[in-house]
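Line by line, the protein sequences give chains B and Z. Read left to right, the first sequence gives residues 1 to 123 (full-length UniProt numbering). Read left to right, the second sequence gives residues 1 to 161 (full-length UniProt numbering).
Rather than coming from a laboratory, the hints here were simulated on the basis of the structure. A portion of the hints provided could be inaccurate.
To be verified - Mimicking DMTMM-like on lysine to aspartate or glutamate, the simulated pairs with C-alpha atoms at most 25 angstroms apart in a straight line are: (1) B:Lys56 x Z:Asp75; (2) B:Lys9 x B:Glu70; (3) B:Lys102 x B:Glu61; (4) B:Lys92 x B:Glu70; (5) B:Lys64 x Z:Asp131; (6) B:Lys92 x Z:Asp131; (7) B:Lys9 x B:Glu61; (8) B:Lys56 x B:Glu68; (9) B:Lys64 x B:Glu39.
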Amino acid sequence: MGNLDIALKNAMNIDGAIGAALVDYTSGMTLGVAGGTGEIDLTVAAAGNTDVVRAKLRTIEMLKLDDEIEDILITLGSQYHLIRPLSNRTGKGLFLYLMVSKSRANLAMARHQLRTIEESLEL
Amino acid sequence: MSRVDDLPRRTRAQSGTLPPPRALPQSLAGNPALPYPAISQELSALRLQIPGVHGCVLGGVDGLLVTHNLQNGADPDDLAALAATMYGLGRQVGSRLGQGEFQQSTVRNAGGYLSVYAINGEALLAVIGTDSINVARLHLHAPTTAARLAELLDDVSPATS
């Protein structure tokens, strides 16, 4: 799991990162977490965001779009939450979850870096 | 030359020397003093909270059914007995490994889940879920439900025992 730890560490090195997790959306369980604060339990966030990913996947299926999610951006008052499903074969059913502070992060840069991390992540 | 007579032999125990039958605590099942409406409310709340929950079974650690809200045709008595079996296995594992009290056990099959949570020393909560259930969410919510059920059961237990 060295690769996973490196990926999560790299995700935490993104400017303004608050927390990062790799989540299995078939069960909602986390494979790894990094960061987070006393108030933010990343395993709770992972379980909740699993429902977000599932809802979107179901919508795409219902609309017969024959496409996949590249990423999902959720904008809060003070944070951005980025969800990026893994696209390679070994990462099927998993997504990367990143929370960044809105005031300290560069959204375009964070999104770009998360894509790089996702592409280099081999499980 | 035969030594057969030297071998130890079992002898029939004299009646009156047998140990007395073990005194088992009274079963939770069938106790009319339990707050059934409040328990049912907790069980339905859990089912509503998490999509994919088929139903819940509240059973004693003795394998007897207390109450349930199953609607998919599964036999609640069988599930209460299975839950107690899973509890028994978990408890043995806990005692052999020195890991303490049983908390939770989950079985995943091709078509779904059965999770068993300890409520207190006497009762178990079994939850049946579909294959697509968000287990992480179940594991987050069910212990809270179990704690509330423990409060409901503890309010009654001292009066009956």
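Restraint status (C-alpha distance of Lys9 (chain B) to Glu70 (chain B) at most 25 angstroms): Measuring from Cα to Cα gives roughly 21 angstroms; hence the hint holds.
Pair hint outcome, Lys64 (chain B) versus Glu39 (chain B) [Cα-Cα no greater than 25 angstroms]: violated (39 angstroms)
Restraint check for Lys56 (chain B) with Asp75 (chain Z), where alpha carbons must lie at most 25 angstroms apart: violated (35 angstroms)
Restraint status (C-alpha distance of Lys9 (chain B) to Glu61 (chain B) at most 25 angstroms): violated (34 angstroms)
Pair hint Lys64 (chain B) and Asp131 (chain Z), alpha-carbon separation not exceeding 25 angstroms: holds (23 angstroms)
25 angstroms Cα cutoff - pair Lys92 (chain B), Glu70 (chain B): Cα-Cα ~13 angstroms, so holds.
Given hint Glu68 (chain B) paired with Lys56 (chain B) - CA-CA distance at most 25 angstroms: holds (10 angstroms)
Holds or violated: Lys102 (chain B) to Glu61 (chain B), with C-alpha atoms at most 25 angstroms apart: violated (32 angstroms)
Satisfaction of hint between Asp131 (chain Z) and Lys92 (chain B), Cα-Cα up to 25 angstroms: holds (17 angstroms)
In terms of the numbered hints stated before, the structure departs from hints 1, 3, 7 and 9, listed from lowest to highest.
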